[in-house]
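Protein chains: 2
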Amino acid sequence: MDVIKNRKMIKLEDAVVNILKFARTGEGERINLDSALYRVLAEDVFSDMDMPPFNKSAMDGFACRIDDIDRELEIIETIPAGKNPQNIIGPGQCAKIMTGAPVPKGADCVIMIEDAEVTDGKIKIPHQPDKSNICYLGEDITKGDLVLQKGTQLMPQHISMMAATGQIKPMVYQQPLISVMVSGDEIVEPHIKPENSKIRNSSGYQLLSQLIWSGCKVDYKGIVPDRMDELEHTIKFSFEESRILIITGGASKGDYDLVPDVMHQLGFRTHFKEVAIQPGKPFNFSTRKNLVCFGLSGNPVSSFVQFEILVRPYLQSILGMNISHSQLKIPMGEKFSRKKAEREYFFPVGISEDSLAIPLEFHGSAHMNALTKADGIASMPIGKTQLEKGELVHVRPL
Amino acid sequence: MDVIKNRKMIKLEDAVVNILKFARTGEGERINLDSALYRVLAEDVFSDMDMPPFNKSAMDGFACRIDDIDRELEIIETIPAGKNPQNIIGPGQCAKIMTGAPVPKGADCVIMIEDAEVTDGKIKIPHQPDKSNICYLGEDITKGDLVLQKGTQLMPQHISMMAATGQIKPMVYQQPLISVMVSGDEIVEPHIKPENSKIRNSSGYQLLSQLIWSGCKVDYKGIVPDRMDELEHTIKFSFEESRILIITGGASKGDYDLVPDVMHQLGFRTHFKEVAIQPGKPFNFSTRKNLVCFGLSGNPVSSFVQFEILVRPYLQSILGMNISHSQLKIPMGEKFSRKKAEREYFFPVGISEDSLAIPLEFHGSAHMNALTKADGIASMPIGKTQLEKGELVHVRPL
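Protein sequence lines, in the order shown, are assigned to chains A and B. Under this note's numbering, the residues of the first sequence are numbered 3 to 400, in order. Under this note's numbering, the residues of the second sequence are numbered 3 to 400, in order.
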C-alpha cells in the first residue's frame, strides 16, 4: 500500500539559511592581475600611496597665482606630464602645464588653455576662472586607505584600482570545482534526436553554464539512468574529485526518483526535499560531513530558478563574495494575478524601456521559451494572488 | 603665437552614429556548444521538434479519464519517464505515471499522487482536480519555430535551448582582436612604485578588462612615451595584427598630446576630437579605410565612461549583438544639481534596496575610488542642471 507522506515544504528564506550553514569559504591563492577579472578578493586592499600623488593639473593650461590673473604673465617654463617643475612661480609669472603634470610651487590655479590669450611668451586672462583646476595631493585617496574590500568581485573598475595601487599579485579565493550529474531514463544528449518518450538534456548544459557564469569550475558526469547501482556509483565517484555535487532530475516523488533514496543509502542526511516556490518545489538538499549535494528539478525553468535562488547564494558564500542585493524593485507595467498563493511565485518578465516589469506568456516549469525571452525573473510572495499595475515588484535581471 | 582653436565638440548621439558607420560585423564560425557561453549567435535557430514532443505528464500521479474521477479506478500499469505506455486507458482504469512520462491514450488528466488514495491496486480521488496536469504536444514550441534570434548573446538559458534543439555546433560571430596602447611619459606599469611626477597605468588594465568583459580578444602593446617616432612605430605595428586600436592618454590638447598628430601623419582621418560629455570630453575617433582608432582619455573614470558609451556600442555591432537598452530608468533617491550644463553629465551612483539612485561623492575624471563603489552610472542631459528627488534618471548598472 502506498502511503501519502506528510509533506514538509519549507519556506525559501529558511531553505537558504539552512543551506548557507554548510557553506565554507574556500582558500585564497595569489594570481596575476591580468587574469584576475571576475575573481573575488580574499584580502582587503590598501593604497600604497596618496592619489593624486602630487598637486596635479586637471587641465592643459597655465599654472599661476590666483592674485595675478588680472596681470599679463610671463611664461617661465613648460611642464609636461611626467616631469617635475624646475621653477617656483613668482608674481607676474606662469608656467605652461599639461594635464597630469605636477603644479609648480607658488602657483595656486591653472588657467585652461582655451581661456588664455598667448602672445610672445606672455599670457593674458580675459575672464575670471571659476575653479582652480588642480587635483590636490591625496584628495581622492590617502596612503593607507582601504580601497577595496575583501569579498569584492573584481570588475574592470576594480582592476584599475588594483593596478593603481600596485597590486600585481592579488590574493583571490580559489574557484570551487562542482560536479554535475543528470538523472533520468528519458534523457538523451543533445546530439541525439530524441524518439518516442525521450527528451534532450537541456537542464544539464544550462546548469554547467550557470556554474561557469557564477565563477566555478565544472566537472560534468553525464546522464545516469534511473538505477540505484548506477546512481550510487556515479555519486561516489563524483565525491572523490569534488565535495559539491549538483544533480538535475530524479528529485521528485515518482517511483523512479531515486536520488533521495541513494543519498540516504550513502549516509547523507537530507535536510529538506521541498521548498515553497513555484516553479521548483522538489529540491533535495543533503549533506554528509563536508560533502554537499543539491538535487534540482529536471525541468529547465525550475532548475534555472532553483539554481539562482537556492544554489547561487551558497556558491557566492563559498567564493567569498560580498552578497549584495541583486534584485531591482520596479513597477509592474500591467496587472498580474494567479489562483493559488501557497508558494512564492517566480515568473519571467520583460523590462520595458521605462523600466516596467511586463509579465511574459509562461506555461510553467518546462517552458524554456519564456525564459530565453525574459529580461528578468519577478517574484510574488506567499499569500499574494495579485500585483496591480504600478505596484513595485522584485525582479532579478538576467 | 598659440592660436585658440575653434572647438568642435559633438553631441554623444552624433558621435555614436558616426562611429557605428565604421562598424562591420565579423565573420561567423562554428564552435562546440560547451564553449558557446557569452558568444553571439550568427544565425537564427529553429526548433527541430515539437516541445513537449508528446503529451507529457507534469506530475507524479495517475493518468485517467476526467469523467471517471468519481469512481474507484484500477491501476493497469506504471509508466516511468522515458518509457512508452503499453495500454490505452479505458473506463474505470488509470495508469500510475511519472513526471515527464507520455500520457497514455484514453487518459485526459493526471491526478497528483498526493490527491489520490491508493489501496490494493486501486485509487479513489477525494477532491475534484483543478487542472489536467498534462503538458500537451507542441504547446511550448512547434517544430520549425524560430527559438533564438541571430544576434542573441548566449546566456545559460539560451544554452539550454540550444541543447534542447540539438544545436551542438552553433554558428557564432568571431571575437574581434583589439589592440590597446597606453600613451604618456608620466605612466609607469603597476609593478613600479611611481616617483615624483609619475603615476601607475590603471586605465590600460581597466580597458583590457572592459574589452574582455565585452567579449573581445586583446593584444596589449604597453606604454608608449610621448614621442612621434615611438607612437608612430607602435601604432603601425598594432595595425599589422588587428584593425582596431584603442589608445588611452595623449588625446587632449596639450603640447605632448601627440596622438591626433600621429594619426594625421599616418593618413588617418579624424572624425571628431571632442564629445559633449563630462567626464570624457577629449575623445579622438580616426579611421583609414577599414582601420579604426579610438583615442580615449588617460584618466580612469573618463576612459571608463568613454568606453561604455562610445566604444561598447561599436564592439556590440562588430560582435553582431542585438543592442538592447542596457539602461534602467529609476527614481533619484535625493536631489542632485550641477553648475554648468553644456555637456551630458555622467556620475556614479549607488542603487538602494528600493532601487533608488543615490549620487556618490565624485571628484571627476581621475576619481576611481568613486567608480569602484558605484552600482551604476547615471546620466543627466545637456541643458539640465538639476534632478529632483523622485525624478526618473537613466542609470547603466555596473
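These are computed hints drawn from the structure, not numbers from a lab. Possibly wrong hints are sitting among the right ones.
Intra- or inter-copy, both count: the list cannot distinguish identical chains.
[Unchecked claim] Cut-off 25 Å, straight-line C-alpha distance, at most; resulting in silico cross-link-like pairs (SDA-like, lysine to any residue):
(1) LYS145 with HIS193
(2) LYS133 with LEU362
(3) LYS107 with ASP16
(4) LYS238 with ILE225
(5) LYS219 with GLN155
(6) LYS342 with HIS193
(7) LYS386 with GLU344
(8) LYS107 with HIS365
(9) LYS126 with ASN20
(10) LYS85 with GLU242
(11) LYS331 with GLU197
(12) LYS291 with LYS342
(13) LYS107 with GLU346
(14) LYS126 with GLU191
(15) LYS291 with PRO128
(16) LYS219 with ASN34
(17) LYS331 with HIS396
(18) LYS341 with HIS129
(19) LYS391 with SER354
(20) LYS152 with PRO82
(21) LYS291 with GLU29
(22) LYS219 with GLU141
(23) LYS337 with LEU394
(24) LYS145 with SER339
(25) LYS331 with PRO128
(26) LYS107 with GLN329
(27) LYS10 with GLN88
(28) LYS341 with ASN34
(29) LYS386 with ILE225
Is it within, between, both or neither when you check LYS10 against GLN88 at 25 Å Cα-Cα?
-> neither (79 Å within a copy, 34 Å between copies)
Intra/inter-copy verdict for LYS331 and PRO128 if alpha-carbon distance must be at most 25 Å | neither (51 Å within a copy, 42 Å between copies)
For the identical chains here, do LYS238 and ILE225 meet the 25 Å Cα criterion within one copy, between copies, both, or neither?
-> within (15 Å within a copy, 52 Å between copies)
Could you place LYS152 and PRO82 in one of the four classes (within, between, both, neither) given a Cα distance threshold of 25 Å?
-> Neither way: LYS152 and PRO82 sit 38 Å apart in one copy and 49 Å across, limit 25 Å.
Could you figure out if LYS291 and PRO128 sit no more than 25 Å apart (CA to CA) within one copy, between two copies, both or neither?
-> neither (78 Å within a copy, 43 Å between copies)
Should LYS337 paired with LEU394 be assigned to within, between, both, or neither, using CA atoms and 25 Å as the limit?
-> both (11 Å within a copy, 22 Å between copies)
Which holds for LYS342 with HIS193 at a C-alpha limit of 25 Å: within a copy, between copies, both or neither?
-> For LYS342 and HIS193, the Cα distance exceeds 25 Å both inside one copy (39 Å) and across copies (61 Å).
When no copy is named, should LYS219 and ASN34 be tagged within, between, both, or neither for a Cα gap of at most 25 Å?
-> Both: 18 Å inside a copy, 18 Å across copies.
Indicate which option fits the pair LYS341, HIS129 if close means a Cα-Cα distance not exceeding 25 Å: within, between, both or neither.
-> between (70 Å within a copy, 17 Å between copies)
Homomeric proximity label, LYS386 with ILE225: Cα distance no greater than 25 Å = neither (38 Å within a copy, 59 Å between copies)
Intra- versus inter-copy proximity for GLU29 and LYS291 (alpha-carbon distance at most 25 Å) = Cα proximity of LYS291 and GLU29: one copy only (18 Å, versus 51 Å across).
Please work out whether the CA atoms of LYS145 and HIS193 approach to 25 Å or closer within one copy, between two copies, in both situations, or in neither?
-> between (58 Å within a copy, 17 Å between copies)
Hints 3, 6, 9, 10, 11, 12, 13, 14, 15, 20, 22, 24, 25, 26, 27, 28, 29 from the earlier list are contradicted by this structure; the remaining hints agree with it.
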